[in-house]
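*Asks:* Sequence:
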Amino acid sequence: MSTCLLHPPGPRPEPDLLRRCRALPTSILSDSMERAGGVSGVLWTPGGQWPRISGPALTVRTRPGDNLVVHHALDLAEEGDVLVVDGGGYEGRAVLGEIMARYAAARKLAAIVVDGAVRDVEGLAQTPVAVFARAVNHLGPDKDGPGEVRGPVQVGGTVVCSGDVVVGDADGVVVLPASRAAQIVVTGEGRLRDEVDVMVAIADGTWDRSWVRDALDEVPVAAVPR
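The letter at position 217 of the sequence shown is residue 221 when you use the working numbering, and the numbering goes up by one with no holes.
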């Protein structure tokens, strides 16, 4: 008999922190974590046109190609959660499609992230829940288990714990560890202000490019003969 493990709930971030996260691109947040925290290979489902999302992770680890425990997690989800599914990166069967996405929308989840495959792309693009996935496959899942809910998982090379802050946009997904999320956001807000200043300088022709020359001084540059 398969066993489904249920861990205690993770922390809930403050609504204001989530609002501030939605004001920051994932690229800024990734840079604010020294280019870590990115969920590699997981992108918006094709055709999806959702706004930037943020929310606490509700983690799921399932056997590749099986979605029994994913269904269980949807029943446990709270409003605003981001369902994060560790499907082992398996692309041979979809673990989620339009029906489950619409149920997630009815449960008022913020988004779904699947390190694996999904299906019903046209339907997913019409749901109000943002869906990020590694692949698309029309083949459906098993429903046998086992799995875990709210335990640590790994998606796209990044460890995610229940309650971590997940942010997603057209560039992909980043995960802010719950214990560091507030400081990462402060750093990101500063980086965003700096980038706005750069854009202004580019527009008026005053962008200081001396840093490029300084960096090249530290790296040998050899001209290739004709």
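Read the hints as simulated data drawn from the structure, not as lab findings. Here a beta-carbon is modelled for each residue, glycine too, at the ideal position from N, C-alpha and C. Where hints are given, some of them may not hold.
Claimed, not checked - Label-pair restraints from in silico Cβ distances:
hint, residue 1, residue 2, range
1, G194, D148, 31 to 39 angstroms
2, P132, D208, 39 to 47 angstroms
3, Q53, E193, 51 to 59 angstroms
4, G127, D218, 47 to 55 angstroms
5, A40, A174, 49 to 57 angstroms
6, D146, D208, 55 to 63 angstroms
7, Q130, S183, 47 to 55 angstroms
8, D175, R217, 42 to 50 angstroms
9, R197, D20, 33 to 41 angstroms
10, S214, G161, 31 to 39 angstroms
*Asks:* Now tell me, hint by hint, if it's right for this structure.
*Replies:* Results of checking the hints against the structure:
no. : hint                              : verdict
1   : G194 <-> D148: 31 to 39 angstroms : violated, 49 angstroms
2   : P132 <-> D208: 39 to 47 angstroms : holds, 41 angstroms
3   : Q53 <-> E193: 51 to 59 angstroms  : violated, 26 angstroms
4   : G127 <-> D218: 47 to 55 angstroms : holds, 52 angstroms
5   : A40 <-> A174: 49 to 57 angstroms  : violated, 20 angstroms
6   : D146 <-> D208: 55 to 63 angstroms : holds, 59 angstroms
7   : Q130 <-> S183: 47 to 55 angstroms : violated, 37 angstroms
8   : D175 <-> R217: 42 to 50 angstroms : violated, 30 angstroms
9   : R197 <-> D20: 33 to 41 angstroms  : violated, 19 angstroms
10  : S214 <-> G161: 31 to 39 angstroms : holds, 36 angstroms
Hints 1, 3, 5, 7, 8 and 9, counting from the list given before, are not met by this structure.
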